[in-house]
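Protein chains in written order, with my numbering: chain A, 23 to 304; chain B, 210 to 598; chain C, 97 to 395.
Bear in mind the hints are in silico, worked out from the structure with no lab data behind them.
By construction, the Cβ of each residue, glycine as well, lies at the ideal position given by its N, Cα and C atoms.
Careful: at least some of the hints might be erroneous.
Said to hold, decoys possible - The following residues of chain C were derived to be distant from chain B, with all beta-carbon distances above 10 Å: (1) Thr156; (2) Met198; (3) Pro220; (4) Gly237; (5) Ala238; (6) Leu254; (7) Leu256; (8) Ala257; (9) Asn289; (10) Lys382.
To be verified - Listed next, the in silico PhoX-like pairs over lysine-lysine satisfying Cα-Cα at most 20 Å (straight line): (11) B:Lys217 x B:Lys577; (12) A:Lys156 x A:Lys169; (13) B:Lys358 x C:Lys382; (14) A:Lys217 x A:Lys126; (15) A:Lys126 x A:Lys111; (16) B:Lys217 x A:Lys169; (17) A:Lys275 x A:Lys111; (18) A:Lys105 x A:Lys217; (19) B:Lys358 x B:Lys217; (20) B:Lys461 x A:Lys156; (21) A:Lys172 x A:Lys156; (22) C:Lys287 x C:Lys266; (23) C:Lys266 x C:Lys276; (24) A:Lys241 x A:Lys217; (25) A:Lys126 x A:Lys156; (26) A:Lys172 x B:Lys217; (27) A:Lys126 x B:Lys461; (28) A:Lys111 x A:Lys99; (29) C:Lys382 x A:Lys99; (30) C:Lys276 x B:Lys358; (31) C:Lys287 x C:Lys276.
Spelled out from the first residue to the last, the chains are:
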Amino acid sequence: MAENVLRMEDVTMQFGGVVAVDGLSLEVDQGEIVALIGPNGAGKTTAFNCVTGVYEPTNGRVSLLGETIVENHPQGKMKAQYKGGEAGKFTQVVSHTPDQITQKGIARTFQNIRLFGALTVFDNVLIAKHMRAKQNFLSATFRLNAKEEKRMREEAMALLAEQDLAQYADEVASSLPYGLQRRLEIARALATEPKLLLLDEPAAGMNPQETQELTDFIKQIRTEYGLTIFMIEHHMDLVMQISDRIYVLDFGKLIAKGTPAEVQNDQRVIEAYLGVADDAEN
Amino acid sequence: MLKEKKSKTGVFIALVCVAVLLAVAIILENTLDPTKNTIFFTVLKKTAVYALVACSMNLLNGFTGLFSLGQAGFMLLGAYTYAILTIPVAQRPAVYYIYNGSAINFSLPELFGGGAVGLILGVLAALILAGVVAAAVAWLIGLPVLRLKSDYLAIATLGFAEIIRAIFQWDALGPVTNGANALKNYPTFSSFNIKGADGAVTVRLSIFVAFLLSAVCIAIILLLINSSYGRAFKAIREDEVAAEAMGINLAKHKRLSFCISSFFAGVGGGLFAMFANQAQAKTFTTAMTYEILLIVVIGGIGSISGSCIAAFLYVACSEWWLRFLDNEITLKSGFKVPLLRNGFRMVVFSIVIMIVVLFFRRGIMGDKELPDLFRKRKNTKAKGGEGNG
Amino acid sequence: MQYAISIVLSGISLGGQYALIAIGYTLVYGILRLINFAHGDVFMVAGLIMVYLTSFLAGTLPTGAAIFLSLLLMLILTVALGFFIERAAYKPLRSAPRMSVMISAIGVSYLLQNLATYVTGGLPKTYPSLPLLSETITIGGAPTKWVTVITPFLVIALVLALQQLINHTKVGMAMRAVAKDFETSQLMGIKINNVISMTFVIGSALAAVGSMLYFTNYPSIVPLSGALPGLRAFVAAVFGGIGSIPGAVVGAFIVGMSETIIKGSPWSIFSDAFTFALLIIILVVKPTGLFGEKVTDKV
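Pulled out of the complex, with its shape left as it was, chain A reads as follows (with noise of 0.2 Å):
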């Protein structure tokens, strides 16, 4: 069996006595658009930082094409706190930050986009490229690194070329129109060359027409790059044309998954979305 591209085990985040992602579990496929859904404060978010290293879950593990990134159990003062459940299974601790993660191969947009405002264009993909250039900081000052520059700017270039970005190479970032903003962050996040692709919300702020294009554009990089792609949306239409699989999450629950037909009818996800039939009436 093929292994899983990202897989999370029994993720719990817990901030105090406030369980935020409970007992997470969850596996994407080579090749395969993934969402995680669910209502606003479900935990969505939380599960990608525990993905991407920004948080250490209190429990679980986290393992990227069969390598564990991210491992943890309840310790010190957790211990006698831990409210979520398999406080047993995970012995080791691994954790890595978010650069490292992105290293090894993960790669994410956020939910309210982080350009470098000041910069250009072609400077926010170039700077995706450093991580993987050979070089040191002597060789890049004294140029001795000018064949690995080259390779960056002309692979920076290219992909800006690719995602129609090109003519805009040289505008600052935070002059161009949001719609093209967000597309400039997925390119920044492509530049890094990832095998796993998490997006948050990106299609947030958009209206019709700019969700309608940004479907295509997913849709697009995931067969040109052969990517992986885990996202957090609320834009059903999005959601329901793309995802071959969907997650819903509430209260940090996973309460469903399956294909987006599958989860469409499903009772529950009814139940989380519009609320329970009893308490409307109270």
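Following the hints, position chains B and C against chain A.
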């Protein structure tokens, strides 16, 4: 690519500016009467030193977004390292007379065989070591301090500079640092003047040497800023979270920027010692850091050429152009100009600085460099050579 | 024993004086997230104002009345100065990056120091001796000034009053709201500019009282007199947890105490070094200080 071509013209313009500037320095120094133009020469030398230190601070504050106020501390380290390594052995008993001679009994210029070659190699080696010592200390301090948020970093580095100053004045270290007393008699910029057989100066090179050393260091800083690492620094400045998500190791890059900035502050400290003819811990106060910070602000945070221009303006104003404000002036009619007396210059000066900070927040250059200006207005003739002093 | 008592006494009183300055830092930082580098210099200027006022009024009024009137005027002028600095140097930069505001604060500090040099001619000025405060008493065999004894009580009284103000008045509630969330409180109709001015007024008033106590103990004032006490008080504020008033007070007593102890030892040259080492240690071990709240950035 398009981009590279652009940066190449920039490099070319910068090189031309530097070459012109260095030539002008030699010509001025050897044609103007040194006794009448002492202030002008002092200003030029101090500009060279301050420009370098301002650029080093800009690298950290302007390009990496780390607000550090430890510059004077690193300059002190550099100045002392330079002085301790270059005081001629024969002079040591006189300099360290309180401590009955120095604990370190060698001098780099003499180790390199003395004479002109020994002087050049010795001074260069001492300056590089001055930078290395500052960078090494920066590395040690960076371990705990760089994890702090920006304003805490400012206070912690300011505190560190105070600690360094106290340590260097400590009596127990006297045989090395000469305690609270000044270190002197080491090679200065004037040591590079070429003397004839009779001992009279034939060719003056002191300003040229100051400019050359400073220009080389600033050029290296510029190269770094425009390299892949420089881009990573800017990414950290723009958005730490996003930079980290792009695979940039924050701790490593911040430490790198901090150490390189300190390296050049250390070299700048060595140059300052050469400029001032003596090195004493009490000169390297917080006020000195503030001065350099204000130069960076006036020049534009994030502009190397701005820092250089501002260094010249700042030094010239404080040492020369505004001097008259400190003296009481009585006009021929018997009218005594009010307010003018000792200290007024600095008041006017600080008001000007406040005006820049409040109303011209981008400073002279903003985050642009000189070549950027040429690119936009190609017909305007090149003016102002201070660009890379 | 006698020596120990005198060290403890002066440590406590120095701590109390730092506490009054530290509160000014902590309040401003709590609301504006700004290290008000000029605060120490406001403290120094308060001292100078007192010097000039007493010498000006001494000729026209009987000594007691002159001192009393000068104290009152000094308090008012210092408060006015703090208010004016905020309006002139910080308010225009409300939407600017935090680094700009910090630089502006450094600029103000530079300006105040240079102004002081200009006015005093660079010569040290002697603080007037105040009735009662400057008189000597003997405690446990150790002679000391009354100010040493009074300081801790005065500090505690002022802090309690301030706590009352912050916890039980409308303006105090507004201050707490602004400290928690600048933008939201603006949306809730709080006039943040008034709240910020209020913060500076309180901070400057406490600095004025602090300067009265401090300079009675160390009566020589030079333009740089405010810089180091200011920095030490800031360290105290960070140590106690920036934004927390009790924290600032506790931190100030610790800083004052350790400074006095080290100043009395052969290692006196390292007293400031120790203070800053304390700062770096606390920031590394517990960046929020003793009583600070944890703030996290949202990704």
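Which numbered hints are broken by the structure, listed smallest first? 2, 15, 18 and 19
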